[in-house]
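Peer 1: Take the sequences, apply the hints, and build the full model.
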Amino acid sequence: MATRARVAAPRPPQEVPLRVQKHLRRLGLYTGEDYLRWCMRRGFAASYRKTWDALEEEWSAHGREIAQAQSRLKVDRDPAKLIARVCEGKLRPRDIARPRWRALAERIDAQPMTARQTRALRRLVEVVLKRGRLLLAEGEVGGDRLPYLDALIVLAQNHRHWVRKPVDWHPRTHNAERQLASLIRHLIARYPVPAFMDAAWLRSGETALAYRRWYRAIGRGENLRHQEGPIPWTNRIVHWFLKAPAHLSIEAAIRWGQVRAEGGNEALARAIVASRIGRNFEHDAFWVTVIRFLVLHDWILPRAVGPIIDYLHHQRFVVVEAFEAPGVRAPARPAQPNLTMRGRSPFALLREVERWHRDLARTPTRGPISWPGSGIREFSQETGIKGRTLQVWLIRELRSAAALHAEGARMRHCVATYVPECRDGDCSIWTMERHSFEGIDARVTIEVNREGEIVEVRGKANREPSERELEVIRSWAARERLQLAPIIG
Numbered sequence: 005m006a007t008r009a010r011v012a013a014p015r016p017p018q019e020v021p022l023r024v025q026k027h028l029r030r031l032g033l034y035t036g037e038d039y040l041r042w043c044m045r046r047g048f049a050a051s052y053r054k055t056w057d058a059l060e061e062e063w064s065a066h067g068r069e070i071a072q073a074q075s076r077l078k079v080d081r082d083p084a085k086l087i088a089r090v091c092e093g094k095l096r097p098r099d100i101a102r103p104r105w106r107a108l109a110e111r112i113d114a115q116p117m118t119a120r121q122t123r124a125l126r127r128l129v130e131v132v133l134k135r136g137r138l139l140l141a142e143g144e145v146g147g148d149r150l151p152y153l154d155a156l157i158v159l160a161q162n163h164r165h166w167v168r169k170p171v172d173w174h175p176r177t178h179n180a181e182r183q184l185a186s187l188i189r190h191l192i193a194r195y196p197v198p199a200f201m202d203a204a205w206l207r208s209g210e211t212a213l214a215y216r217r218w219y220r221a222i223g224r225g226e227n228l229r230h231q232e233g234p235i236p237w238t239n240r241i242v243h244w245f246l247k248a249p250a251h252l253s254i255e256a257a258i259r260w261g262q263v264r265a266e267g268g269n270e271a272l273a274r275a276i277v278a279s280r281i282g283r284n285f286e287h288d289a290f291w292v293t294v295i296r297f298l299v300l301h302d303w304i305l306p307r308a309v310g311p312i313i314d315y316l317h318h319q320r321f322v323v324v325e326a327f328e329a330p331g332v333r334a335p336a337r338p339a340q341p342n343l344t345m346r347g348r349s350p351f352a353l354l355r356e357v358e359r360w361h362r363d364l365a366r367t368p369t370r371g372p373i374s375w376p377g378s379g380i381r382e383f384s385q386e387t388g389i390k391g392r393t394l395q396v397w398l399i400r401e402l403r404s405a406a407a408l409h410a411e412g413a414r415m416r417h418c419v420a421t422y423v424p425e426c427r428d429g430d431c432s433i434w435t436m437e438r439h440s441f442e443g444i445d446a447r448v449t450i451e452v453n454r455e456g457e458i459v460e461v462r463g464k465a466n467r468e469p470s471e472r473e474l475e476v477i478r479s480w481a482a483r484e485r486l487q488l489a490p491i492i493g
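For the record, in the sequence shown the residue sitting at position 94 is 98 according to this note's numbering, with numbers rising by one throughout.
Just so you know, these hints were derived from the structure itself, not from any lab.
Think of the CB as a built atom: it goes at the ideal place given N, C-alpha and C, for glycine as much as any other residue.
There could be a bad hint or two in this list.
To be verified - Straight-line alpha carbon distances no greater than 30 Å define the calculated BS3-like cross-link-like pairs of lysine-lysine that follow:
#1 K54 with K26
#2 K169 with K54
#3 K464 with K390
#4 K134 with K169
Stated by the list, open to error - Ranges of calculated distance between the beta carbons of each label pair, as one might list FRET restraints:
#5 M117 with P350: 55 to 65 Å
#6 L33 with L398: 56 to 66 Å
#7 H243 with R168: 23 to 33 Å
Peer 2: In structure tokens, the structure reads:
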């Protein structure tokens, strides 16, 4: 016969001695369970059986916690002292109570800085706190929102290149972005520097280091021809680069300068900057010939420039699969790897672009290719009168190769070729539709680049957007903090 297992009787609740009861009350605790949890979190024995010495040790630890909390609050009330102590290594970010100040301290603590650079940062912070509004301000660079403190840290790391003292800086505006531009020029430049170059002090990476060298060279009055760049500098390119619009990125300003130096007008420069080669300098020797071709045939409408560049890119550089015979695979290569602009007729080229668009619409999509969203929200807007002329305008993102192919087929343009760019996060493609009682009407296709700029808006057969469509796009851009390229309006 099996023996029944004995069930242990429940242990009676442990009684809290009187001295421990008094102890937990002065700690601000209510129950014995609260006291045991308090002990475990601080590394003390979770027990009620304590000697007087053990209780006094716990009380001393509690006093130290109170003192540290009070010191953190005092430091938080004095931002200059807080940043100074972080720069000196006397204050750890985790000891700062307020989240915003803690985040700034963590950025400072993460930077490898010498003692001189640290002292330079202290001087900058003191001046900025007294006369500016930069310390907690942020700016958008490359699609990311970055604190202006990053620029202060980089300026401190470049303190050897300062031409003036921070204490002599007196801003003439309350706008944080303009204050940062003023401070950079005060410290680094003796001569005027284009506004788009300010991004060099907020960006990171090897290209940012090169752009800071350019900034210092321009600020010293030197010729950029002596600086290494993504394209060969000429005096004309440097001249037009320095005159590029302030809203452009540094890469777009380089392409702008190149187009203008080749004799292109502003409309052509805007169209090329908004295209896939506006910020990309790969295969630049070929694209220079394309720019010269477009300059020579300046009657080509700006809205046709983007499709022409897309077609040439696809024909010369995009690898396609082909078969020489049934079951025999040909070597993968671009459709026209030796394509050249020499002797090419602009009328024939435009016909080829139109034929390519029609072929794209008939070509089925291969394989389920999709990608995550860009993080930009979709948009909906009602217009007209309810019950009579109500219309709903909808802007939504296309997140798959099939969706891009369907959009290109119904709009008769080459958006289906943007699958690699969308997949890699270089841009996002959106469609605008108008919903009404009559049904759904596809209006335009929108391209937004990585920097959050709307660079292209195309209707059916690459027509330009109407003013009503632009009003909806502007409303969406204002809500999502997107910029409109000048070529769009």
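Peer 1: With reference to the structure, classify each hint as holding or not holding.
Peer 2: Hint by hint, here is what the structure shows:
Pair hint K54 plus K26 holds up; C-alpha atoms about 13 Å apart against a cutoff of 30 Å. Proximity of K169 to K54 is assessed by CA-CA distance (about 61 Å); at most 30 Å being required, the pair is judged violated. Taking the CA atoms of K464 and K390, the gap is near 28 Å; set against the 30 Å cutoff, the hint holds. For the hint pairing K134 with K169, the CA-to-CA distance comes to about 15 Å; that is within 30 Å, so the pair holds.
The hint said 55 to 65 Å for the Cβ distance between M117 and P350, and at roughly 56 Å that hint holds. Between L33 and L398 the CB atoms are about 57 Å apart, so this pair conforms to the stated range of 56 to 66 Å. As the Cβ distance of H243 to R168 is approximately 27 Å, the hint placing it in 23 to 33 Å holds.
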